[in-house]
Amino acid sequence: NAGVTQTPKFRVLKTGQSMTLLCAQDMNHEYMYWYRQDPGMGLRLIHYSVGEGTTAKGEVPDGYNVSRLKKQNFLLGLESAAPSQTSVYFCASRLNSGVGEQFFGPGTRLTVL
Amino acid sequence: AQKVTQAQTEISVVEKEDVTLDCVYETRDTTYYLFWYKQPPSGELVFLIRRNSFDEQNEISGRYSWNFQKSTSSFNFTITASQVVDSAVYFCALSEVHMRDNYGQNFVFGPGTRLSVLP
Chain L
972 NAGVTQTPKF RVLKTGQSMT LLCAQDMNHE YMYWYRQDPG MGLRLIHYSV
1022 GEGTTAKGEV PDGYNVSRLK KQNFLLGLES AAPSQTSVYF CASRLNSGVG
1072 EQFFGPGTRL TVL
Chain U
299 AQKVTQAQTE ISVVEKEDVT LDCVYETRDT TYYLFWYKQP PSGELVFLIR
349 RNSFDEQNEI SGRYSWNFQK STSSFNFTIT ASQVVDSAVY FCALSEVHMR
399 DNYGQNFVFG PGTRLSVLP
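Protein sequence lines correspond, in order, to chains L and U. When you read off a place in the first sequence, starting at 1, and then add 971, the result is the number in the numbering used here. When you read off a place in the second sequence, starting at 1, and then add 298, the result is the number in the numbering used here.
Among these hints, one or two may not hold up.
[Unchecked claim] When the alpha-carbon atoms are kept at most 25 Å apart in a straight line, the in silico DSS-like pairs for lysine-lysine are as follows:
| no. | chain 1 | residue 1 | chain 2 | residue 2 |
| --- | --- | --- | --- | --- |
| 1 | L | 1028 | L | 1042 |
| 2 | U | 336 | U | 368 |
| 3 | L | 1028 | L | 980 |
| 4 | U | 336 | L | 980 |
| 5 | L | 980 | L | 1041 |
| 6 | U | 301 | L | 1028 |
[Stated by the list, open to error] Using C-beta positions, here's what the derived DEER-type ranges look like:
| no. | chain 1 | residue 1 | chain 2 | residue 2 | range |
| --- | --- | --- | --- | --- | --- |
| 7 | L | 1012 | U | 338 | 12 to 20 Å |
| 8 | L | 990 | U | 339 | 21 to 29 Å |
| 9 | L | 991 | U | 318 | 41 to 49 Å |
| 10 | U | 379 | L | 973 | 32 to 40 Å |
| 11 | L | 1080 | U | 344 | 14 to 22 Å |
| 12 | U | 352 | L | 989 | 28 to 36 Å |
| 13 | U | 314 | L | 989 | 46 to 54 Å |
| 14 | L | 997 | U | 344 | 17 to 25 Å |
[Said to hold, decoys possible] Beyond 10 Å from chain U on every Cβ pair, some chain L residues (computed):
| no. | residue |
| --- | --- |
| 15 | 972 |
| 16 | 984 |
| 17 | 986 |
| 18 | 993 |
| 19 | 1049 |
| 20 | 1050 |
| 21 | 1059 |
| 22 | 1072 |
| 23 | 1084 |
Keep in mind the hints are simulated off the structure, nothing from the lab. For clarity, every value in this text was computed on a predicted model and none was experimentally measured. Built from N, CA and C at the ideal position, the CB exists for glycine as well.
Extracted from the complex, chain U is given alone in its bound form (with noise of 0.2 Å):
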C-alpha cells in the first residue's frame, strides 16, 4: 500500500536560514503524482506544488524549491533563506493514478512537519 513518510516532526532554525524537509513515499506504482501543502498557523490548507513521476526535474519557485528522486523515493522540499512568514505544518501527500479497488482512497498525506522560523 502507498505510504508518505516525514521523519521530521519539528524543526526550528533562525531567519534566513536554509531548511530543507525530508518526505519519502512508497508506492508500488509507476505512475503516482506528489504534492506538498502548507498549513499556516492560520488553519487553513495551502497547496505548494504537484509533481508527477515520469518528471524528475528539480522546480524552483521564489525561494522555494523541490528535489525528486526516485531513485531514493523521495521529494524533499527547500526553502531559502526562510522567514518568519514560512512557519507552518508542511505535509506531503502521494496520489497514485491507476484503480484500484479502494482507488478513491489513493491521496495519501504524510504526518506533517512542523516549521519554526524564529526571528
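So here's chain L without its partners, still in its complex pose (with noise of 0.2 Å):
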C-alpha cells in the first residue's frame, strides 16, 4: 500500500515549457488535491477533484490545468512555465468530504529558470 506518491520528486524547467506532475493514490479516495508550498505562504489550493472525472479550481489555479480521467490518479499540467511557479508542489488525497484527513504525497519540487 504505497499511499499517495509524486512523479517526478524533482524537476528544471525553462520558463515556456510544459510539463505535468502526476499522482496516484490507491486507498480508493475520492477526493484530490494540488497544492502548491512557497515559503512564508503555507499551503495555497490550485485545483482539486471530488470524483473521477471532475475538477474545480482552487485558490489559485492560474496557468494550471488538471485532470482526473481515473479514480487513483489526478494529474497537474502547466502548459508554458513561468518563474512564478517555482516551488514545492504537493498532492493529497481524502476519502471523501467531512471527516477524514488529507493523505500527502512527498512533493514535488520544481524550478523554473
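Two chains, two frames, some hints: make the complex.
Here it is as C-alpha cells:
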C-alpha cells in the first residue's frame, strides 16, 4: 500500500516549457488536491477533484490545468511555465468530504528558470 | 468563510522546554473537524491528530497534547519536554462538514508555525 505518490520528485524547466505532474493514490479516495507551498505562505490550493471526471479551481488556479480521468490519478499540468511557478507541489487525497484527514504525497520540487 | 490563524510564525526553544503552538479558527458551521500536521525538514506532511467539534476533551499522546476550546475557537498544541526531532513546521487545519458551493474546498490550512528546538 503505497499511499500517495508523486512523479517526478524534482524538475527544472525553462520559461515557456510545459510539463505534467502525476499524482497517484491507491486508497480508493474520492477527493484529490493539488497544493503549492512557497516560503512563508503555507499551503495554497491550486485545483481539486471530488471524483473521477470532475475538477474544480482552488485559490490559485491560474497557469495550471488538471485532469482526473481515473479515480486513482490526478494530473497537474503547466502549459507554459513561468518563474513564478517555482515552488514545491504537494498532492493530497481524502476519502470523502467531511471527517477524514488528507493524506499527502512526498512533494515535487519544481524550479523554473 | 472558514479561516485558520497561527499567529506564531517562528518559535525557538531549548531542548526539554515545553512549548505551545497556537491555533485559532473561524467557521460558521457547528460541525467541523480540526487537524494538526507536522512538516519536518525532510519536507513530507505528517498527520498528527483529528478532533471533531463535539468533542472538547483534551487529548494526550506521549509528549504531545492538544487543548480544544470552542469558547475561544482555539485548538492549541503543546509539546512537553521538547526534543530536537520536534523541529518542524506545524500546520493547523479546519474542515467543515456541511456542503457548500465549493465543498471540495472545505479543508483550510493555517500558515504554519516553524518550531526550532535547540540542543
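Structure-based check of all given hints:
Proposed proximity of residue 1028 of chain L and residue 1042 of chain L is supported: the alpha carbons are some 18 Å apart, at most 25 Å. In summary, the hint linking residue 336 of chain U to residue 368 of chain U is supported, as the alpha carbons are separated by about 23 Å, within the 25 Å threshold. Restraint check: the Cα-Cα separation between residue 1028 of chain L and residue 980 of chain L comes to about 24 Å, which is no more than 25 Å; the hinted pair holds. This hinted pair checks out: residue 336 of chain U and residue 980 of chain L have alpha carbons roughly 20 Å apart, not beyond 25 Å.
Simply put, residue 980 of chain L and residue 1041 of chain L have alpha-carbon atoms about 21 Å apart, close enough for the 25 Å limit, and the pair holds. A C-alpha spacing of about 18 Å is found between residue 301 of chain U and residue 1028 of chain L, which places the hinted pair at or below 25 Å, so the restraint holds. Between residue 1012 of chain L and residue 338 of chain U the Cβ separation comes to about 19 Å, which falls inside the hinted range of 12 to 20 Å. Distance hint check: the CB atoms of residue 990 of chain L and residue 339 of chain U are about 26 Å apart, consistent with the given range 21 to 29 Å.
As the Cβ distance of residue 991 of chain L to residue 318 of chain U is approximately 42 Å, the hint placing it in 41 to 49 Å holds. A hinted range of 32 to 40 Å holds for the C-beta pair residue 379 of chain U and residue 973 of chain L, which are about 34 Å apart. Checked against the hint of 14 to 22 Å, the pair residue 1080 of chain L and residue 344 of chain U passes, with Cβ atoms roughly 18 Å apart. Here the CB-CB span from residue 352 of chain U to residue 989 of chain L is close to 47 Å, at odds with the stated 28 to 36 Å.
In this structure, residue 314 of chain U and residue 989 of chain L meet the distance hint of 46 to 54 Å, their C-beta atoms being roughly 51 Å apart. The given range of 17 to 25 Å is respected by residue 997 of chain L and residue 344 of chain U, whose C-beta atoms sit roughly 19 Å from each other. Distance check for residue 972 of chain L against chain U: the nearest CB is about 15 Å away, which clears 10 Å, and the non-interface claim stands. With a cut of 10 Å on Cβ distances, residue 984 of chain L stays outside the contact zone with chain U, its closest approach being about 20 Å.
At roughly 25 Å, the least C-beta separation between residue 986 of chain L and chain U is larger than 10 Å, which holds for a residue marked as non-interface. Against the 10 Å criterion, residue 993 of chain L stays outside the reach of chain U, whose nearest CB is about 18 Å from its own CB. Under the 10 Å C-beta cut-off, the non-interface status given to residue 1049 of chain L relative to chain U holds; the minimum distance is some 20 Å. Here residue 1050 of chain L stays apart from chain U, with its beta-carbon at least about 23 Å from theirs, past the 10 Å limit.
Residue 1059 of chain L, annotated as away from the interface, has a beta carbon of chain U within 10 Å; the closest lies near 7 Å. Consistency note on residue 1072 of chain L: stated as away from chain U, yet its beta-carbon is not over 10 Å from all of that chain's, at 5 Å minimum. With a least CB separation of 21 Å from chain U, residue 1084 of chain L remains clear of the 10 Å interface cut-off, as annotated.
In summary, the structure is inconsistent with hints 12, 21, 22 from the numbered list given earlier, while agreeing with the others.
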